[in-house]
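So you can see what is in the structure, the chains are spelled out below.
2 protein chains.
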Amino acid sequence: MEILFTFIPKEDQQQRLEAEFPQVDFHFLYKDKTRLASADIIVTYGEDLTAEDIAAAEKVQWIMVASAGIEKLPHQAIAEREITVSNVKGIHKIPMAESVLAHLLSLKRSLPAIYENQRSRDWNRKIRSSELHGSTAIILGPGAIGSEIGRLLQAFGVRTIGCNRSGKQALHMDEMVSFEHILEKLPQADYVLSILPSTHETKQLLTSTHFKAMKNTAIFMNFGRGDLVSDAVLLEALQSEEIAYAVLDVFELEPLPTEHPYWTMDNVVVSPHVSSHSGKYVERALDIFIPNLKKWLADQTIPANLVNMEKGY
Amino acid sequence: MEILFTFIPKEDQQQRLEAEFPQVDFHFLYKDKTRLASADIIVTYGEDLTAEDIAAAEKVQWIMVASAGIEKLPHQAIAEREITVSNVKGIHKIPMAESVLAHLLSLKRSLPAIYENQRSRDWNRKIRSSELHGSTAIILGPGAIGSEIGRLLQAFGVRTIGCNRSGKQALHMDEMVSFEHILEKLPQADYVLSILPSTHETKQLLTSTHFKAMKNTAIFMNFGRGDLVSDAVLLEALQSEEIAYAVLDVFELEPLPTEHPYWTMDNVVVSPHVSSHSGKYVERALDIFIPNLKKWLADQTIPANLVNMEKGY
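Protein sequences appear in the order of chains A and B. Sequential numbering from 1 applies to the first sequence in my numbering. Sequential numbering from 314 applies to the second sequence in my numbering.
Chain A extracted, bound-state conformation (with noise of 0.2 Å):
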């Protein structure tokens, strides 16, 4: 059995992987892909396996993405062969919302002003500090993450309105609506939230219509995928000031061109994909793959976490 990572877990980390299967022969090989031919499981990031890599990996049953966008595989090379497909869907949620929220909370209690008043040595009180609590959000994807983000929200007061292709009831939100009837909410909410991820359903979801529809002074963020809405339409709402503030963590484009507007734009964060960074995470996503790879070895119980690689997510 052998077992090939496309990154480097720390030194501890492949001890613990070592120790717990002693039966299994470990590669730890980062942008080095002589060993696919061998691999019987692959652990990847998602976002370094080609359909070359996929014919090449011969003997893979089972490619286990460390991630939870698997939008960059090769689809119809892993489809064919049947190959499973797992992620970590979960291990997102405590960085990614407190993300959403660091990013929130900053902009209400003014810190990017505060920050940039220090630089200049300014005591300057006159800053307008407004608050989450009463205010309403928006949650696009409310999944295992979104909820999350929609429980730390109702504890500062906020309410919530979950956004999903059903509208059927989520976790943590006071109320519902399906993408089709977005619309109509959109006018109550002071944020909207997206952590979709990239399906052919979600691509280009948002249209101007809808930036149309926000308040002026709604606060955009997008920390799901970049293809939710185009790059002319978001610029064009923020321009013309249809809504006062975009946060961005994912991009049509990444990384963001250096010539990209929103790099200077007063009313864009530009955070460069890193909200579900953690010091803990490859410790959590191995805690996924122990046990899953423990039953797979005692009788190839297919793994939790399954990934449905024509859905997408």
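In short, the hints are calculated from the structure, not lab data. Since no wrong hints were added, every one of them can be taken at face value.
Where chain B lies over chain A, by a calculated footprint (3+ residues, C-beta under 8 Å): (1) 90–100; (2) 112–118; (3) 121–133; (4) 147–155; (5) 260–273.
Quick list of the computed label-pair ranges, beta carbon to beta carbon: (6) GLN328(B) <-> GLN154(A): 33 to 43 Å; (7) LEU566(B) <-> GLU236(A): 44 to 54 Å; (8) ARG434(B) <-> GLY279(A): 23 to 33 Å; (9) THR530(B) <-> GLU236(A): 38 to 48 Å.
Using N, Cα and C, we set each Cβ at its ideal position, and we do this for glycine too.
Dock chain B against chain A, hints included.
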């Protein structure tokens, strides 16, 4: 009946008062003391009255302080005349708790670095973010504001240790410790937050021994009063890296002098005493003042939020 406001509420707030109390003669005068002699009640932010003003205000029976801190009032002059003093304790809890969480989350989720990298168009994903989740906070002063901070920290999965004079249980604290025994708990804390008022007991409460007992990774946040710790002690702790960070909303001397080292230190955030600011502030102060005034006019009932001028809070 004459009531003197030493600050100017918004037009609609003035109208609200005049409509509720047609029998009262309101004066809204900023930095203008010509009406002191005839005022029965004074409403002030608590920073603009001297012992001479109290002598001049010969009719005054009640001073309503639209703030939490009363340390700048002329205590002796007020106590001698047995003037009733009330404050607006409680109305700061939402904005202040949101400010504390904003600053804490901002540091944990690397917002200062994200903002700085944006200014140089730097798509830098090598950002070391960490989480509130699973950490421990000591809260000095678990009263109305401190408990609200505790409630929110607990929602983020933070263990809360309240610290007050008696060590008696306070709301939303997993554990309590008295001032006397705080040294024993400091080594456990990832954050040490103070919202203590300024009293003879809290002045210089924290000494270099306390900072030496804290983790090197600890974040110290002072949102109470600047005399809790001397600049000399705190500077030494920061410069010798006994703690990792200080977020200060209050200072020994305010405004913080332009030449003060805090302004340029990498491990200090200078917030110019704005953590309680909110667009809802005066409205909430009136929500406390109006029912109190109704009762006072009806039967001279002592207002809620009474302040004990001897204890200092």
